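Q: Using this note's numbering, the first residue of the sequence shown is number 1, and each one after it goes up by one.
Each hint should be verified, as a subset may be incorrect.
Okay, the calculated beta carbon distance ranges per label pair [unchecked claim]: (1) P425 to K549: 27 to 35 Å; (2) N399 to Q57: 51 to 59 Å; (3) T319 to T348: 46 to 54 Å; (4) N377 to D454: 24 to 32 Å.
These are calculated hints, taken from the structure and not from any lab test.
A quick note: this is a predicted structure, and the numbers were derived from the prediction, not measured.
From the three backbone atoms N, C-alpha and C, an ideal C-beta is built for every residue, glycine too.
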Amino acid sequence: MKIRFIITTLTVLVLCTTSFAQASKTEAADFAYKTEHYYESIDLYKQAYTSEKDRDQKIRIIYMIGDCYRLVYNFEMAESWYLKAEKAKYGEKEPELYLNLAEVFKSQGKFADATERYEKYNSVKPGNPKATEGLEGCKQAQKWMDKPTPHIVENVKALNSKMYDYSPVMTGRRNNEVIFVSSRPGGTGNEIDSRSGEAYADLFTAEMDRKGKWSIPRPLPQPINTEFNEGPVTTTKKDKEMYYTHCPTETKATKPCELWMATKRGTDWAEPKPIKLVPDTVSIGHPSVSKDNQMMFFASDLPGGKGGKDIWVVTWDKTSKSWGEPTNVSSVNTDRDELFPFIKDDGTLYFSSTGHTGMGGLDIFRAEKTGAKEWANVENLQYPINSAANDFGIFYIGNKERGYFSSDRKGGKGGADIYSFKLPPIIYTLQGTVTDVECKAPIAGATVKLIGTDGSSVEVLTDANGFYKFEEKENGDRYIVENTSYTILVDKSVSAAKKVTKECGTPEYKDRKYLSSKGQETTVTVERSTAFVHDFALQCFNCGDIKFKTVLYETAKWELMVTPEINSKDSLNDLYQTLIDNPNIVIELSAHTDARGAADKNEVLSQKRAQSCVDYLIEKGIDAERLVAKGYGEGSPLVIEKDGKTIVYDEAYINSLPTKADKLAAHQLNRRTVFSVLRDDYEPKPEAPIDGEDPNNGQ
């Protein structure tokens, strides 16, 4: 796909072919090139190549043919001719070849080849921002393609032809009518643009019915369309006026593009008239009027810009009932081309550019409105709205995240096609299962509560399989929304069904009671639809010791063991959080020793170990009434189940171990503190009033 004339319609120059009569083919081709009639210069260069005898001149002609193809955006042919010039070592004489070849590769999505040529150019002529930005663009393009935005982009086949169709603008009360530019057959003008070999473009329109089906596009009648180029259009509020690009051509003369305006009369457009915003020698086009009709943006090569074609803005003067002096939107412009501006209802400015870091060719960018006539924070719309090809002429429907744009990317129907885009709603769901931590049995009837930082709170019960899900409310609203953090709380007051008791194999506990469990999820910075999964394994607290990391000690010591391998405070920190999440439980911290040493001394040692745990938790803010320290000495060695066997870590077992290291490790496992819940009816004390504060205030 090649965009041969869309950009160049802002500078219409007429080639006077009779001036070539006395010139050589090469001179004629060079003149056509200088006057931007690249399509015609291609033919002239090819003719010159066949008759040229000088080898160096022939190589230059090869390069110039490639350059012409690049400038009419025929990148495949440009690549072919540039590679011939590169093979002939033309780059050693003219390093610009490497830079232009890099641009051609990049615009076809060949980022590795483009990077190689950018680096080759940098090695010869370092410091050129085009090469630096091109390298950065290659890196960014690959990242954007690897991680595309959530936008859904589709080719609007009913509006497209085998020619060029671009710059759609929605009109009508229901935004069900479109006006766009097309070079398809059936237009008013039958002439061929000498710069591109394409027919002149006209404005076409079509309507969408209530089923979303488009009518067959038809050209706007004369006098809107003429025998020459009509380009991008904009309409004012209620479609009362239409501003559009008109590019007249007169034989043997230079005629810049103009802005024309037509007024709606019933269902027809009145005779259009030119709008004088710039000198007659300056090209202007691609208009876009703001929602309140007070600003109009356009593209122009008006003097005083940053270079190339820039975005400019004028404001409506209510007193004189005319547009004011153009102001350069300098914050978005570069020394290259900025074109196809569009001002969204919320004030965001969209435009296409070859100067900002992009994926290749024209990319679409947006800039945030920061003042009366100020825009900043230019941002690439990324893939899939942008591509390695030319992407331009975007239109948003109101403030919605949907609309249309144009692109000559691969896979289209013609030279450039119209595409629709929409950002589907971001949908977050949360689901998971609640099970017993020991036997993995699902817990039915558990209360799962979702509490958001936005003040929301909702709860559900797990089903027979222990499954829960937060998805959509009955009215269609979502439980989980953007930019919000959530706490997931599984309530501890769960009476287990007989199924759980049976599956866990502990019928002596008719009602298995569980500790509350808590989790966290957030949608902050999560910009895509996401299904969060959060499973919970609840600890039964009336079934024996609580399963935590064991608190270990060094021999004959009661201080909490903290080494690079073992940190007993981690286990106590977990217990601390459990006590916070379950404010009604009272626990016993049961400390044990190994069997070495005197039994009475071990009992004292174990009591000190239990108390060290209690002291640590009290220091962190847990009420002392909720904590019981109990030392059991050496009388309760560790018991574990392994490979279907019960192993008691008593002296007989430890002495049977083969190595000293194994025995020392076994003794250390006996030096432990475990936890159990004594009761779950503790009532937290009210917080003490701050000094000077009346505790009855507000009662």
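Q: Each of the hints needs a verdict: does it hold here or not?
A: Hint by hint, here is what the structure shows:
Checked against the hint of 27 to 35 Å, the pair P425 and K549 fails, with Cβ atoms roughly 43 Å apart. About 58 Å separates the C-beta atoms of N399 and Q57, a value consistent with the hinted range of 51 to 59 Å. The beta-carbon spacing between T319 and T348, approximately 29 Å, falls outside the hinted interval of 46 to 54 Å. For N377 and D454, the hinted distance range of 24 to 32 Å is satisfied, since their beta carbons lie about 27 Å from each other.
Consistency with the previously given hints fails for numbers 1, 3, ordered from lowest to highest.
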